[in-house]
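Protein chains: 4
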Amino acid sequence: MTTRNIAVLVGSPRKASLNRKLALALAGIAPEGLRLDIVEITALAFYNDEREAEPDAEWVEFRQKIGAADGVLFITPEYNRSVPALLKNAVDVGSRPYGKSCFAGKPAAVASLSPGAIGGFGANHHLRQSLMCLDVPVLAGPEVYLGNGAALFDEQGGIAADGTRDFLGKFLVTYAKWVETILAAR
Amino acid sequence: MTTRNIAVLVGSPRKASLNRKLALALAGIAPEGLRLDIVEITALAFYNDEREAEPDAEWVEFRQKIGAADGVLFITPEYNRSVPALLKNAVDVGSRPYGKSCFAGKPAAVASLSPGAIGGFGANHHLRQSLMCLDVPVLAGPEVYLGNGAALFDEQGGIAADGTRDFLGKFLVTYAKWVETILAAR
Amino acid sequence: MTTRNIAVLVGSPRKASLNRKLALALAGIAPEGLRLDIVEITALAFYNDEREAEPDAEWVEFRQKIGAADGVLFITPEYNRSVPALLKNAVDVGSRPYGKSCFAGKPAAVASLSPGAIGGFGANHHLRQSLMCLDVPVLAGPEVYLGNGAALFDEQGGIAADGTRDFLGKFLVTYAKWVETILAAR
Amino acid sequence: MTTRNIAVLVGSPRKASLNRKLALALAGIAPEGLRLDIVEITALAFYNDEREAEPDAEWVEFRQKIGAADGVLFITPEYNRSVPALLKNAVDVGSRPYGKSCFAGKPAAVASLSPGAIGGFGANHHLRQSLMCLDVPVLAGPEVYLGNGAALFDEQGGIAADGTRDFLGKFLVTYAKWVETILAAR
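Residue numbers (this note's numbering), protein chains in the order written: chain A, 1 to 186; chain B, 1 to 186; chain C, 1 to 186; chain D, 1 to 186.
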């Protein structure tokens, strides 16, 4: 069985980020054949196409890492009912130069997590709108809106509730199938 | 080569609908192996789950037709920056009873057309948000926002401009591949 | 003190609708000077501008009722992450003929309610996108996304929890001020 | 007549930005009593609430400038069908610390401009969703989606077409009235 390498983008810059904890927890319960690794995005300068003649080293490195991955998993908090600027910037940097998006055709999935009840619904769907125009095949369901984020984890950083752990495990299995479906068509 | 039968839903009830003309024009230029047939939606009563015990004959028939199709192509105008009620109702009727959505898993695509410049962008994306929660794998790109709709057709109802006809032909070829990609994974 | 008459549109056709219960509960706790009355929308046929030459009596009556109101309160469930067709149709019918929208300039507010945790966020914002293009000044905050709708009411149809009742009371007071702000500028 | 000072936020970091040109052109045709000044946002670091104990000087200064303004005009390009990270970050920085948003209650308006036909519709509405949750009263209409942005300006940086200049002039007059409507209610 081929191992698929999935780049995980975490939308929060916080050290104590719940979204980062989620990324690590998901990496721990990923099914065989799916390897999740965080690709850092906090060092990326705001995208500006006037700087493409001599692109930042961080931009180039980021694009290479995404380009080398088999798929991309986006894990996002919600800032003001939309995508945090940090994550939107990673999307913008990766999407250019025009016609050379590093995301194009990569099987992707989106999970959102917030402290409140709504679970990042607004961020989740705004992000999907961007990915759609970049020709990224994003897994439709199951939808992952994780609310009440502070209560999600146990002391070891695992998913505390059995039901939620099972749900997220099934989400990853579904995503793994999606990766195979999309890659098989290349 | 297997022929794939695609149900086409047209979001406008108008007799002189530009969206219906687009559906017919697309049917005429579909690649071999992709057959497009309009499934009518104007007779569907507003969805109400209290009526599921004895569902309307029109609801049942609509669900059967969609269920028998290999994929679904949504063609929508924009009413007030969103999906016309007529088309949203077809989505709602087809999505129920809960857990028995006739759309689930069907490879789909969305095209929007409007008289103005924006080409139904608002309707296109609102519709995608609904389809996503119904676990419908919708083709990401190419995006199809057809503006200035009245000038789109020649006198025989074909696509007037060569560039637009080529673009729509490529859209259908890409969609045909998408249908095969999704169906291959079943 | 002048009494402001607010037309309340309920997005669900269900007899046992939680959204209708919410409309009635809000009418019961509205501040002095704000009168809430439901305007029924279930009899409105799907909008079709080809029928404007001889518009349905129901369309005409609906437009007159909205036109006579001082403001409009939209109460919506979420169907498939968007506005139910029933309510979208009322928006579409009221918005036409072009240039004669009965909603134009009316101070409005939106509340959404759903059985799940997310509280109709998707429907709430899709509806706002439509209202914006109709030049309707919609109250921004407080946002009203009522989740877990079945537990919202007591046996008499009132709002069960003190905190929620207080929140909704403040929402209505804020809306009443919004109505005065907008009407003062006429 | 009191002059109202409006902070203008430009969503593009480009030196040759069409959106910046639009901001300057609008400042030149603003009605008497409305003064438009760009508040720069390119120096703002990505928002991170873990840094609020000792906030960046740039964050503090930005919040003060917005806080001192009578209203805010957002001028945005579209990056990947949504708000550029640069502008989203300004919204995020200004919205915090929680409960102390510098935008709260400020009469605002949104204009979007893009090189393509769609005129930044996606960015425009995503931005409105964020502003709504921040309790910002945003002008509904007229909607301003400026497509084909490169052809918009004459050689002196003015609006080239009479019709577009008139439209934008009316937009600013409507916005000036909106500012007075909202400020009158304080």
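One should not assume that every hint holds.
Where chains are identical, the list cannot tell them apart; a pair therefore holds if satisfied intra-copy or between any two copies.
For lysine to any residue, the following SDA-like pairs were computed, each having C-alpha atoms within a straight-line distance of at most 20 Å [claimed, not checked]:
#1 177 with 105
#2 177 with 135
#3 100 with 116
#4 15 with 32
#5 170 with 30
#6 15 with 99
#7 170 with 64
#8 21 with 49
#9 65 with 129
#10 177 with 69
#11 177 with 104
#12 15 with 48
#13 65 with 5
#14 21 with 157
#15 15 with 169
#16 170 with 155
#17 177 with 52
#18 21 with 48
#19 177 with 64
#20 170 with 52
In case anyone wonders, no lab produced these hints; they're calculated from the structure.
Legend entry - Hint numbers contradicted by this structure: Violated hints (numbers, rising): 4, 6, 7, 9, 15, 16, 17, 19 and 20; every other hint is consistent with the structure.
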